[in-house]
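Build the full structure now, drawing on both the sequences and the hints.
Number of protein chains: 2
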Amino acid sequence: MSRQGFLVVLSGPSSVGKDTLLEAVLGHIPDMVYSVSATTRPPRPGERHGVDYYFLSDEEFRELIRNDGLLEWAEYCDYLYGTPRAFVEEMVAQGKIVISDIDIQGAEQLRRTMPDGVFIFLMPPSLEELRRRIMRRATDSPEAIASRMARAEEEMHSIVNYDYWILNADLAQAVEDLKAIIRAESLRVKRGGYKEVGESL
Amino acid sequence: MSRQGFLVVLSGPSSVGKDTLLEAVLGHIPDMVYSVSATTRPPRPGERHGVDYYFLSDEEFRELIRNDGLLEWAEYCDYLYGTPRAFVEEMVAQGKIVISDIDIQGAEQLRRTMPDGVFIFLMPPSLEELRRRIMRRATDSPEAIASRMARAEEEMHSIVNYDYWILNADLAQAVEDLKAIIRAESLRVKRGGYKEVGESL
Chain A
64 MSRQGFLVVL
74 SGPSSVGKDT
84 LLEAVLGHIP
94 DMVYSVSATT
104 RPPRPGERHG
114 VDYYFLSDEE
124 FRELIRNDGL
134 LEWAEYCDYL
144 YGTPRAFVEE
154 MVAQGKIVIS
164 DIDIQGAEQL
174 RRTMPDGVFI
184 FLMPPSLEEL
194 RRRIMRRATD
204 SPEAIASRMA
214 RAEEEMHSIV
224 NYDYWILNAD
234 LAQAVEDLKA
244 IIRAESLRVK
254 RGGYKEVGES
264 L
Chain B
64 MSRQGFLVVL
74 SGPSSVGKDT
84 LLEAVLGHIP
94 DMVYSVSATT
104 RPPRPGERHG
114 VDYYFLSDEE
124 FRELIRNDGL
134 LEWAEYCDYL
144 YGTPRAFVEE
154 MVAQGKIVIS
164 DIDIQGAEQL
174 RRTMPDGVFI
184 FLMPPSLEEL
194 RRRIMRRATD
204 SPEAIASRMA
214 RAEEEMHSIV
224 NYDYWILNAD
234 LAQAVEDLKA
244 IIRAESLRVK
254 RGGYKEVGES
264 L
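Note that the protein sequences, when read in sequence, are chains A and B.
According to my numbering, the first sequence is numbered sequentially starting from 64.
According to my numbering, the second sequence is numbered sequentially starting from 64.
A couple of the hints might just be wrong.
[Said to hold, decoys possible] Pairs of lysine-lysine, BS3-like flavour, derived with a Cα cap of 27 Å: (1) A/Lys242 - B/Lys159; (2) A/Lys159 - A/Lys258; (3) B/Lys81 - A/Lys242.
These aren't lab readings, by the way, just hints derived from the structure by calculation.
Please read these numbers as outputs of a predicted model, since none were measured by experiment.
Rendered as structure tokens:
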């Protein structure tokens, strides 16, 4: 097969709505698969191994790190989280579009390990709206919310490191924008898709 | 205004269908304008100055060349043809998307003068179909047709110099692909459009 797939990284500040956008497109874009993360956190009720996460022991996770088996990883609240390299690389080789929703720090690691990936920054309509979204889901103290807002404002500056931006104001428009970016990227000459249709040329 | 427009160059081998695709999208993409060429050839019945072409005298055209006023130019059947720089640059500065359909040689010149442009290669479904299209419109001798076919085959190799490819088999699909590329390019972080929506950020 001459057509290569690619990794699509959907990132942006905390609470901007990455999951919602991802859920809205999964299953609606041909050849798209979700990059399942690995974690050492125990499964919550209803979570399935290999679907929601790869649930690994601490030892299994650390062996992946040692063997360069993760495209990125981080520790969060005493648990380890990471993106398994083998799945992404196999899917890309099969011509699939692998999508990952990940925080700004994870995206920065992925930019180094997957430089051919497509990096998309999801923007809130305004900082006021981002504050509302953070408060809506947070059960934290006012201090913790203020700290998350300060971090989100800081993270907005990272946009300059991304390939594309999408405004997450109207979900339907954001879905259309994400689809357009993925279609356009699949038509990039450097990804070689034209060789498949042009074999008789 | 923080948003820059950009030049979209639609090119490909002779008779691949650039005009048809261009006509199908013009007027259907917001902020898109057509790059009107300059020529020294006399107007044909119905052709309007400033709409179909800028009809210039030989002296006017050569003055444009001397003043670096053309992004590309060429001589064809004793007449001069070129792309006026001022119109394209003014429209891009106003945030417009300027589209130009041009042959492979013209596109190569544009790549040097407008490196931020979006270069799209339109592909025929097959060489047999391209031959049919060349014969359908050609009133030439078999030798002339053979020569045009040989040139078209040669031009197919230029695809590697382009950003994107579009297969011109089904016109509706080609229109969708062109729209997706233009939408995606308008969402490129490097084009700065996010600064407009993010002024409150």
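Each hint tested on the structure:
| no. | hint | in the structure |
| --- | --- | --- |
| 1 | A/Lys242 - B/Lys159 | holds, 22 Å |
| 2 | A/Lys159 - A/Lys258 | holds, 16 Å |
| 3 | B/Lys81 - A/Lys242 | holds, 24 Å |
When held up to the earlier numbered hints, the structure conflicts with none and fits them all.
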